[in-house]
Amino acid sequence: MNAHPNCSTAEHHLSRRSFLNGVSTAGAALLGSVGSVHLFGEKNTLNEALKKSGKRVILLWQAGGASQLETWNPLPGTANSGPFAPISTDVPGTHISELMPEMAKRMKDVCAIRSMKTGDGGHGGGANLMMRGRKDEPNLNYPDIGAILARELARKDSKVPDYVALYTATEGRNGGNLTSSFLGARYTPMKLEKEMVPPNMSRQENISEQDHHARASLQALLNERFIDGRSTTTHSLPAAYARVHGLMSSQDLFDISHESARERERYGPTLFGEQVLMARRLVEAGVPFVRVARAWWDSHGQNFETHQELVPEFDRVLSALIDDLKERGLFDDVLIVAMGEFGRTPRINGSLGRDHFANAWSTMLAGCGINGGYVHGKTTEDCQDVAEDPSNAGDFVATILKAVGIDPHHEYHHGARPIPLVNPGHKAIDACLKA
Amino acid sequence: MIEAKAVTYKLKKEESRKDILFSLALGDDADRFHAGASDGVLRDLAPLVKKEEFEAKDLEGGHTSYVTGLARHGNTMVSGAYDKKLIWWDLKKGESTLVRDKAHNRWLRGVEISPNGKVVASVADDMVCRLWDFKSGKLLHELHGHDSRTPNNFDSMLYCCTFSPDGKRIATGDRIGKIVLWDVASGKQIKSMMAPGFYTWDPRARIHSIGGLRSLCFSPDGKTLASGGMGKVGNIDHLQGKARFELFDVEKGESLGVIESDKYKGLVETVAFGPDGKWLAGTGGDHKGWLIFLDVSEKKIITEDGVNSHIHETAFSKDLSKIYGVGHNRAYIWEKEVEKKVEDKPVGDKAS
Chain A
1 MNAHPNCSTA EHHLSRRSFL NGVSTAGAAL LGSVGSVHLF GEKNTLNEAL KKSGKRVILL
61 WQAGGASQLE TWNPLPGTAN SGPFAPISTD VPGTHISELM PEMAKRMKDV CAIRSMKTGD
121 GGHGGGANLM MRGRKDEPNL NYPDIGAILA RELARKDSKV PDYVALYTAT EGRNGGNLTS
181 SFLGARYTPM KLEKEMVPPN MSRQENISEQ DHHARASLQA LLNERFIDGR STTTHSLPAA
241 YARVHGLMSS QDLFDISHES ARERERYGPT LFGEQVLMAR RLVEAGVPFV RVARAWWDSH
301 GQNFETHQEL VPEFDRVLSA LIDDLKERGL FDDVLIVAMG EFGRTPRING SLGRDHFANA
361 WSTMLAGCGI NGGYVHGKTT EDCQDVAEDP SNAGDFVATI LKAVGIDPHH EYHHGARPIP
421 LVNPGHKAID ACLKA
Chain B
1 MIEAKAVTYK LKKEESRKDI LFSLALGDDA DRFHAGASDG VLRDLAPLVK KEEFEAKDLE
61 GGHTSYVTGL ARHGNTMVSG AYDKKLIWWD LKKGESTLVR DKAHNRWLRG VEISPNGKVV
121 ASVADDMVCR LWDFKSGKLL HELHGHDSRT PNNFDSMLYC CTFSPDGKRI ATGDRIGKIV
181 LWDVASGKQI KSMMAPGFYT WDPRARIHSI GGLRSLCFSP DGKTLASGGM GKVGNIDHLQ
241 GKARFELFDV EKGESLGVIE SDKYKGLVET VAFGPDGKWL AGTGGDHKGW LIFLDVSEKK
301 IITEDGVNSH IHETAFSKDL SKIYGVGHNR AYIWEKEVEK KVEDKPVGDK AS
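So the protein lines, in turn, are chains A and B. Counting in the working numbering, the first sequence runs from 1 upward without gaps. Counting in the working numbering, the second sequence runs from 1 upward without gaps.
These are computed hints drawn from the structure, not numbers from a lab. Wrong hints could be hidden among the right ones.
Claimed, not checked - Covered stretches of chain A (in silico footprint by chain B; criterion: 3 or more residues with CB under 8 Å from a CB of chain B, positions within the stretch not fixed):
(1) 86-100
(2) 292-303
(3) 309-315
(4) 347-360
(5) 423-430
What the hints assert, rightly or not - Straight line, CA to CA, 20 Å or less: simulated EDC-like cross-link-like pairs of lysine to aspartate or glutamate:
(6) B:Lys10 x B:Glu335
(7) B:Lys18 x A:Asp355
(8) B:Lys318 x B:Asp166
(9) B:Lys223 x B:Glu298
(10) B:Lys18 x A:Glu411
(11) B:Lys92 x B:Glu55
(12) B:Lys18 x A:Glu381
(13) A:Lys434 x A:Glu411
(14) B:Lys242 x B:Asp262
(15) B:Lys51 x B:Asp31
(16) B:Lys288 x A:Asp355
(17) B:Lys13 x B:Asp305
(18) B:Lys278 x B:Glu304
(19) B:Lys102 x A:Glu98
(20) B:Lys12 x B:Asp44
Note that CB positions come from ideal geometry on N, CA and C, so glycine has one too.
Isolated chain B, as found in the complex (with noise of 0.2 Å):
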């Protein structure tokens, strides 16, 4: 089992390039490994991991716009984008199968599939979280739960998901800091929390907003609930609030306690748990981006490390060996230093 104070990572690879990539999605043994870019392609980044051995195939022609949700289960990889679309890919034969042309009826932000791989979740910015069979693409469920305009009358956000542990729940995140926890059988909502350091609205200065609820992550008990974004903001022209992290107790739906970054800024945009519950990793960025490590019983960063570039979205690798990241023109691969027995793969490796 990793201990807490012994999370440390170096960056070993680090690749430039022309796009943006927003999402990412890894086999089971990691090697093959996508990326949702701002050119609605999939990337195709094995030889990223092992050069000489592949040949890059991307999936181009599903999306047009960017592709900011990806996840993986077996040889299926399941795509969301901002132009609504949800695509399900047979990565053997290396072309969709499925086309929900009109699956949200504005920008996706996110997919998750559920642990057990039969339900794929959809979050969108027409406020809505769409539940899909894994294998048909059938509708399940419409969670309806987050308000479509803030408080100051602006279009709301609905930026992440994520699944429970034993993918019984489903919580999701939005624009002005609101969480809502759901049934994932049913389709009925449970709880709602509320989050609102996430959110800064200038009422005086620039009279707009910016933040957001970006990312959550279950722990592997299933009993606390992380959630990751950018504190509040002088000014809202940059990215210049603390990475923010706040922890839930699920069941009494109470905040357990904020912890913010003094070193790094901007928005937490990956948060997930290690494998004892004992750590919490979580990545973002400003104009550059950072890898901060925190303990969870005490509330303390650990660790913080900085990158070249906003990384939009990381995942371990299931022996918890090396995490991958992408992000604003780079890609990237960190290795663990410490040598410690690994014993449990990460839960909830990535959720964004």
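The shape of chain A in the complex, shown without the other chains (with noise of 0.2 Å):
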């Protein structure tokens, strides 16, 4: 069967199947989205200032629930305090667990929000929540923060992805499934699940890299000829090519092994040091949106056995991945985004472990647009409840959308169907935002 209804020359099945066939794993999310893309077109971008204004994300996903309470929000003298003891920061009068002793000396920089109230205590359903601000419509399914903030932050003539999202760990890899929706599949993310670099990013070995550049302009020129007559949408099929392009140029972005030995002792020897220094080389590069994952803070049982090697890594690395922007300058145009699908419970198990809790939990945000030093909401005496300024998925994700200069009350069209970013009711914690 023809797949082009105008045209059944040779020519047409060699440039499409060429086309096809030299885009690599790492550039099909790019391909897909050529349609998405010029349907949806460019105009519902907010303004090419921002974009300009290089404005990016790094999400640290806590996967599966971190403890509130062996992080940002101890409460010491009741039975569910646990073991850890809180300490002081370099912000009087706020404390945060023993656990982070580097985080106690950044607090500064930071804004804990600790009164989280979600209302979803399952893995999935948490992690779409908090990913994308509100709950799926049976007929619509919203494109996650990642997926926005990459469309409206990503330059136009990028040759770097707009959204890289690493998940190594397996469990709950399928747990908030990213999506671009009606976005487009440009902004779908890069998933790099199974190592750092993306697969068949490479030139083949097979390939010099004269005779590399020799197709790529014998494709550029076939697909000149391919396009010409035809719809628009095939016309934005080179611009995506180029794109794939412009990522196999890249892949040095993905080797860490450029960094000084310095820079990867302080990120530290782990996959998740390892993952979030990656990160800091792409947001450097120009990708508008990392997410890396660590997994799994799922401790129903010796809860804090797993905190204990989980929280001082992570502390490590965000403390780490603050001084590494500061130093670059990057500090304040670089927002760090730490949070779950939910916290854990306040009530300890018979296994030492606690369990999954949406009712009152912690999130943190720093640098770009961050008020540091601030700490929001507060919990009742034993952690079960919110006690002052609740704060739900959606203002959470407003609060992201606005620290990087986007209005969460812009609305995209899908269809005719006008969508704000964030559904009505959310707002941003303007507290939590410099003023």
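Could you use the hints to bring the two separately framed chains together as a complex?
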């Protein structure tokens, strides 16, 4: 069957095949995005000035749900406290868990939200909710926060990916399906799930650099002839291919061996440390949104020992990232977000574990647009509920958007339907943002 | 002498509590029964033993975190906690007599007193076993033989220690399943053994670990060392590995075999040999708890019974007629059901 209604020439098949076959896995999302980008157009993005502002976001996704009590909201002196003591920080009156001594020296740079009340204690539902700021509707899947940020912050002529998501652990990988939905596949994340370097990015060994460029030139020529007289959608194919080419030439971005021994040392030897170091490389090169998932925090058994492994690593890596961005002059342009799908129950179960808890938990923001040193909200003494300033997922997503200069009440249009970036009634937590 | 096949205990008392009890120590007559609690208090559970005769006299103000190590000799009790302190208590006066504020640099996991009552041993997550003079509290030796980091670059943990029946040796066990045997007098390392089956590192699904070697006990003749913990786990979110025991030939430093329960899962928190070394008792749990008896020579489970909560520590009464246990929101007393003449006292009746 002829895939093209107007053409049955061998040239068409050759061009189309060569086009598709030439695209790496890493670039597949970009190719798929062509239709959506074109159909949806760039007119709905906010403004070019924002794109040129160089704002970027790194999300540290604490998959499985980290305990607020063992991180940002220690509550001493109750049956639920657990064995870790609170420690004072560089912000007078603010205490965090003793598991985070490095972050205790950097709380002036950080805004902790201790009053997340999100209502969904399931891994999948909670992850979807936190990544989108709202629940999907039966006939509408909302784009996740990464896709929105990628769309609004990515430069049109960018040669680097718009959205990179690292999720190496297999547990929970399907939770919180990352999606660009109606924004189009250009903003679908480049997922790195098995290794830190995207597969098939490298030029094949049996093709010389010269041949590689010659093929690209030939392809450009054929594509140019192929699109002549066809739809505007088809017109954007060469642009997508050029992005794939750009990606192939930027593979060094994914190679942290280029980093100095000092940099690698401060992020630490663990996979999470290496991935966050790579995230810094990516945002420095202009990738607008990078999500690094550290799994798996789901400590139903031995919560304290699990957090004894994971929190010090998190403390080291997050503090290293803050220092690194500051030293590079990027801290005011890069927003760091730390969250998972929920927190953990204050009640300690029989296995010395804590279970899922979405009623009163914590998230963190630092960097671009953030009011450092501020702690938002308060839980009850037993941490079973929010006592002051409850914050929901929509408010949190709105805060992220506003922090980087995006109006959360801006509307996209999906067909004729206007779709605001966050649902009506949700708004940014202004106290968390720089005045 | 109790026959291995005849070891049967029945749960007689169970007390529901608000606190988590991590450790226990018995007096010679077992009437005074103390437990280390999650709020830092040493709870007097004597009323649980003989309700009418005793008024509880808790020991407060010493610790500020989970009391995970408790041992008693005569009227002196030594406690250790996650607050890194080691405290000596005079039980007659009901007050502390000596405090080592910084006995360790990280969570203190266990305290034991040598059979002759001369040496106190403490183990902690700073991966050091420290030997103290029981009377003066003076530090005798620091035993360094466990790596501070796991092979996967996370902090390790040193959970347990136990003295040999003659008090000349002490064994220590850590998170990755390493056992080190030490000479008490010199503080020198004699040998080490590995029991990696107690440690599960999940490199693929969750990228962290669970488990650890949680309990140790020498046989009465000192020739066999029993260890307890949890077998390999598929889903490390939960304590879902089989209750696991591994026996070692002390002189050869070789494993004599592994026994795992097909019925119960979780951590073996305490192991104790019977007086003739023919049977071994293990207690622990996952969300719930259990009591397991093993035939040592056959390497088979004799009996296993469940209870309502995770058991953190147990100890036999001197005459073996009772087992006392503490755990998550509960305390227990079991009584021996089989009428048999008992000749010897238990050896190594608690070690976790």
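So, going through the hints one by one against the coordinates:
Only when three residues or more bring their CB closer than 8 Å to a CB of chain B does the claim for the region 86-100 of chain A stand; here the count is 0, and the claim is violated. For the region 292-303 of chain A, the stated coverage by chain B is satisfied: 8 residues place a CB nearer than 8 Å to a CB of that chain, which reaches the threshold of 3. For the region 309-315 of chain A, the stated coverage by chain B holds: 4 residues have a C-beta nearer than 8 Å to a C-beta of that chain, and at least 3 were required. A count of 6 residues in the region 347-360 of chain A with a Cβ less than 8 Å from any Cβ of chain B is obtained; the coverage claim is therefore met, three being the minimum.
Beta-carbon proximity to chain B at under 8 Å applies to 0 residues in the region 423-430 of chain A; the threshold of 3 is not reached and the given coverage is violated. Between the alpha carbons of Lys10 of chain B and Glu335 of chain B the distance comes to roughly 5 Å, so the proposed pair stays at or under 20 Å and holds. Distance hint between Lys18 of chain B and Asp355 of chain A is fulfilled; the C-alpha atoms sit about 18 Å from each other, no more than 20 Å. Distance check on the hinted pair: Lys318 of chain B and Asp166 of chain B sit about 18 Å apart at the alpha-carbon level, within 20 Å; holds.
The straight-line distance between the Cα atoms of Lys223 of chain B and Glu298 of chain B is roughly 17 Å, inside the 20 Å bound, and the hint therefore holds. Note on Lys18 of chain B and Glu411 of chain A: the hinted pairing is violated, with a Cα-Cα distance of about 52 Å set against a maximum of 20 Å. A distance of roughly 14 Å separates the Cα atoms of Lys92 of chain B and Glu55 of chain B; the hinted pair therefore holds under the 20 Å criterion. Restraint check for Lys18 of chain B and Glu381 of chain A: the C-alpha separation of about 17 Å stays at or below 20 Å, so the hint holds.
Between Lys434 of chain A and Glu411 of chain A the alpha-carbon distance is near 24 Å, which puts this suggested pair outside the 20 Å criterion. Only pairs whose Cα atoms come within 20 Å are accepted, and Lys242 of chain B paired with Asp262 of chain B is accepted, the gap being roughly 7 Å. Taking the CA atoms of Lys51 of chain B and Asp31 of chain B, the gap is about 10 Å. The hint holds against a cut of 20 Å. The hinted pair formed by Lys288 of chain B and Asp355 of chain A meets the criterion: a straight-line CA distance of about 16 Å does not exceed 20 Å.
Between Lys13 of chain B and Asp305 of chain B, the direct Cα distance comes to roughly 15 Å. Compliance with the 20 Å bound is thereby established for this hinted pair. Distance restraint check for Lys278 of chain B and Glu304 of chain B: the Cα-Cα separation of roughly 16 Å lies within the 20 Å cut-off, and the hinted pair is therefore satisfied. Distance restraint check for Lys102 of chain B and Glu98 of chain A: the Cα-Cα separation of roughly 17 Å lies within the 20 Å cut-off, and the hinted pair is therefore satisfied. Proximity of Lys12 of chain B to Asp44 of chain B is assessed by CA-CA distance (about 19 Å); at most 20 Å being required, the pair is judged to hold.
Consistency with the previously given hints fails for numbers 1, 5, 10, 13, ordered from lowest to highest.
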